[in-house]
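K.L.:
Listed in order, the protein sequences are those of chains E and D.
Here the numbering used here is used: the first residue of the first sequence is 2, the next is one more, and so on.
Here the numbering used here is used: the first residue of the second sequence is 2, the next is one more, and so on.
To be clear, the hints were calculated from the coordinates, so they are not data collected in a lab.
Heads up, a few of these hints could be off.
[Unchecked claim] Here are the computed lysine-lysine pairs in the BS3-like style, where the Cα-Cα straight-line distance is at most 30 angstroms:
1) E:Lys110 / E:Lys59
2) E:Lys110 / D:Lys58
3) E:Lys50 / D:Lys58
4) E:Lys50 / E:Lys110
5) E:Lys70 / D:Lys58
6) E:Lys72 / D:Lys58
7) E:Lys50 / E:Lys72
8) E:Lys114 / E:Lys79
[Stated by the list, open to error] Here's a subset of chain D near chain E, in silico, CB distances under 8 angstroms, partners left out:
9) Val20
10) Leu44
11) Phe65
[To be verified] To spell it out: a stretch of chain E is covered by chain D in this simulated footprint if at least three of its residues, at any positions, have a beta carbon under 8 angstroms from a beta carbon of chain D; those stretches are:
12) 41-47
13) 102-115
We put the beta carbon where it would ideally sit given N, CA and C, even for glycine.
Letter by letter, the chains look like this.
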Amino acid sequence: AQSVSQHNHHVILSEAASLELGCNYSYGGTVNLFWYVQYPGQHLQLLLKYFSGDPLVKGIKGFEAEFIKSKFSFNLRKPSVQWSDTAEYFCAVNLMDSNYQLIWGAGTKLIIKP
Amino acid sequence: KAGVTQTPRYLIKTRGQQVTLSCSPISGHRSVSWYQQTPGQGLQFLFEYFSETQRNKGNFPGRFSGRQFSNSRSEMNVSTLELGDSALYLCASSLAASGGIADTQYFGPGTRLTVL
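Next comes chain D alone, as it looks inside the complex (with noise of 0.2 angstroms):
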């Protein structure tokens, strides 16, 4: 069964410009997760996304959105970008999660965000 996929893998983009990622997640997997990564913080949760409902947000501003299409797949957007957005993102997909109970995560490559 193939992984979890992201593209693109590399980004580079300066300040003010906007940015879309995308997550394709493993066939069957219905729950999308989205994360932030950079050295020393640990992965900052974004989103989360289950049959295009976003179930649930971390505390990002307005400037980072996310949806989730019927077959799963999901895009994130980052608007007006800024210096310190740099980082990788990583999309985590899983089969369901019910009940407040969330399943193991299987995680993509991510996507390694420049801004300049």
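For reference, chain E alone in the conformation it holds in the complex (with noise of 0.2 angstroms):
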């Protein structure tokens, strides 16, 4: 069965230090890609997602992420993180042949410590 992996979960930095979060999907056909985030007491929501063009999507709050085919990998990126971007991220994968469901990772638990 279809798979997203989230390596880690549980995450705590510092403010300022840089920040990659793992996601990897098993499927070997055409995916599109998400990231959503749910800051503590708000709803979930998109940060950024990848359908198609530069593997290299840009999102919200300075958060990026690279789509890597040949690794099955979509891993998220800040270079600098602050105190509100506390918070748990979601990966999700839509599989092409998969008609409207996205499979979701288990979550990345992010705390930046002031």
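These two chains come separately, so use the hints to put the complex back together.
P.N.:
Spelled out as structure tokens, the structure:
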């Protein structure tokens, strides 16, 4: 069965540190890729998405992600994190033959120490 | 534009009971998806509706069912509740999805269900 893996369940960083959250999926076909974020007390919201074109996509709040097809990966990055980035981050993958279903990773809880 | 609303926000039920959760999508959104969220498990897809038709279903038992009305509002029902059904149930709406492409989803606050 297809799956999405987020390697770290918890990440703790200091402000200004660089961030990279891993996301790998198991599917050999065409995919659309998403990162969603859930800030404390708020709804899940879209951070960025990749459908086609430039594999380096930029999202809100200075986040970016790179799609590397050969590695089945879509890692999320931010060069310098802020305390306000404390949140839970979810990677989701839409398999092009799965109709309308998204497959989600288990999430990574990110804590930024001020 | 008002966001996705879910009612009720909190529910406490006992084993064996049934429950109905409601979701009102963003105006103009015709697709509604339901998810179960539990700590460490991420989001598990329940089902997706578009124009009153269930287009896709996840791997949940038949106790979990749903429907969508002509105004795109959706309900989810769980019968014969079990302790393991305790979770946050999220509803998400999107404009439309065609050709197998999942559109950006807009989430509601969720309904926290506790089964005792």
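K.L.:
Does each hint hold? Answer for all of them.
P.N.:
Outcome of the hint check:
1. E:Lys110 / E:Lys59: Roughly 21 angstroms separates the two Cα atoms, so the pair holds.
2. E:Lys110 / D:Lys58: Roughly 28 angstroms between the alpha carbons, so the hint for lysine 110 of chain E and lysine 58 of chain D holds.
3. E:Lys50 / D:Lys58: holds (23 angstroms)
4. E:Lys50 / E:Lys110: Answer holds: lysine 50 of chain E to lysine 110 of chain E is near 20 angstroms, not above 30 angstroms.
5. E:Lys70 / D:Lys58: holds (27 angstroms)
6. E:Lys72 / D:Lys58: Holds - the C-alpha atoms of lysine 58 of chain D and lysine 72 of chain E are around 29 angstroms apart, at most 30 angstroms.
7. E:Lys50 / E:Lys72: holds (18 angstroms)
8. E:Lys114 / E:Lys79: Roughly 16 angstroms separates the two Cα atoms, so the pair holds.
9. Val20: violated (21 angstroms)
10. Leu44: With Cβ-Cβ at 4 angstroms, under 8 angstroms, it holds.
11. Phe65: violated (15 angstroms)
12. 41-47: That given contact holds, which follows from 4 residues of the region 41-47 of chain E lying within Cβ reach (below 8 angstroms) of chain D.
13. 102-115: As far as the region 102-115 of chain E goes, the hint holds, because 7 residues have Cβ atoms under 8 angstroms from chain D.
The structure shown violates the earlier hints numbered 9 and 11.
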